[in-house]
Amino acid sequence: MDTYRLQILEKKQVTHDTYSFKVEKPKGYSFKPGQATELSLLQEGWEEEKRPFTFTSLPKDDFLEFTIKTYDDHEGVTKRLGDASVGDHVEIGDAWGAIEYKGEGVFIAGGAGVTPFISIFRDLRQKNQIGNNELIFANKTNEDIILFEELKTILGHKFHNIIEKQPDTAYDRGRIDKAYLKDKINDFKNQHFYICGPEGFMKAVDKALRELGASPDALVFEQ
Numbered sequence: 046m047d048t049y050r051l052q053i054l055e056k057k058q059v060t061h062d063t064y065s066f067k068v069e070k071p072k073g074y075s076f077k078p079g080q081a082t083e084l085s086l087l088q089e090g091w092e093e094e095k096r097p098f099t100f101t102s103l104p105k106d107d108f109l110e111f112t113i114k115t116y117d118d119h120e121g122v123t124k125r126l127g128d129a130s131v132g133d134h135v136e137i138g139d140a141w142g143a144i145e146y147k148g149e150g151v152f153i154a155g156g157a158g159v160t161p162f163i164s165i166f167r168d169l170r171q172k173n174q175i176g177n178n179e180l181i182f183a184n185k186t187n188e189d190i191i192l193f194e195e196l197k198t199i200l201g202h203k204f205h206n207i208i209e210k211q212p213d214t215a216y217d218r219g220r221i222d223k224a225y226l227k228d229k230i231n232d233f234k235n236q237h238f239y240i241c242g243p244e245g246f247m248k249a250v251d252k253a254l255r256e257l258g259a260s261p262d263a264l265v266f267e268q
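Numbers 46 to 268, taken from the working numbering, label the letters of the sequence shown in order.
Distance ranges between label pairs, derived from CB positions:
#, residue 1, residue 2, range
1, K227, H134, 46 to 52 Å
2, G176, H134, 37 to 43 Å
3, R218, N173, 33 to 39 Å
4, P243, N187, 17 to 23 Å
5, E83, K185, 25 to 31 Å
6, M46, D228, 42 to 48 Å
7, H202, R50, 42 to 48 Å
8, D117, P97, 15 to 21 Å
9, D117, Q211, 15 to 21 Å
10, E92, K252, 35 to 41 Å
11, E55, K227, 40 to 46 Å
No more than 27 Å apart at the CA atoms, straight line, and that leaves these computed lysine-lysine pairs for BS3-like:
#, residue 1, residue 2
12, K57, K72
13, K203, K223
14, K77, K56
15, K203, K227
16, K147, K229
17, K223, K147
18, K203, K77
19, K57, K185
20, K95, K248
21, K248, K229
22, K172, K57
No lab work stands behind these hints, which were simulated from the structure alone.
Using N, Cα and C, we set each Cβ at its ideal position, and we do this for glycine too.
Whenever a hint applies, use it, and build me the whole structure from the sequences.
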């Protein structure tokens, strides 16, 4: 597998703990919206600490962008990236991943699991093909919603938020479970379902969708 050493060109805060990073794009580098790569920060002692991150830029952009949620509660790669600066270097490999657009459907994300869907939605918007796609997005608080304004602009009333730990939220309260999915979705037979989030979240949503009648062939997620 090829590797590429790239400079951070821009760092921008997206939420209280999420940043977007624009980095150099290698000549001829390609990916599909929804795909990811292994990335490491080229700082002493961290060069071999590779983690998967999703591209949130478009394939035709002249830069690569990653939107990364940082975790300050332990000394890890995302915490280091939160402290990284323009001019620092990262290393990436080739693009990979099973999440790609296969047709209209419901996108279901937990927290930073929304990142594979960002490039897909941006790509569909540029092609004027958003159609009937919907997003159900689960977070702990309102402040955790990544790119709320952009997603609201792209999806309008097809953007559904559910909040677990903020009593005064104006959005739906609770967690995504079988009852919630049954209430929000009126067709489980004739559309795709795209799922991304923590492992337990994906397993629970996958199980609920199958029990509600979704075909295993219609479920798109990282294996």
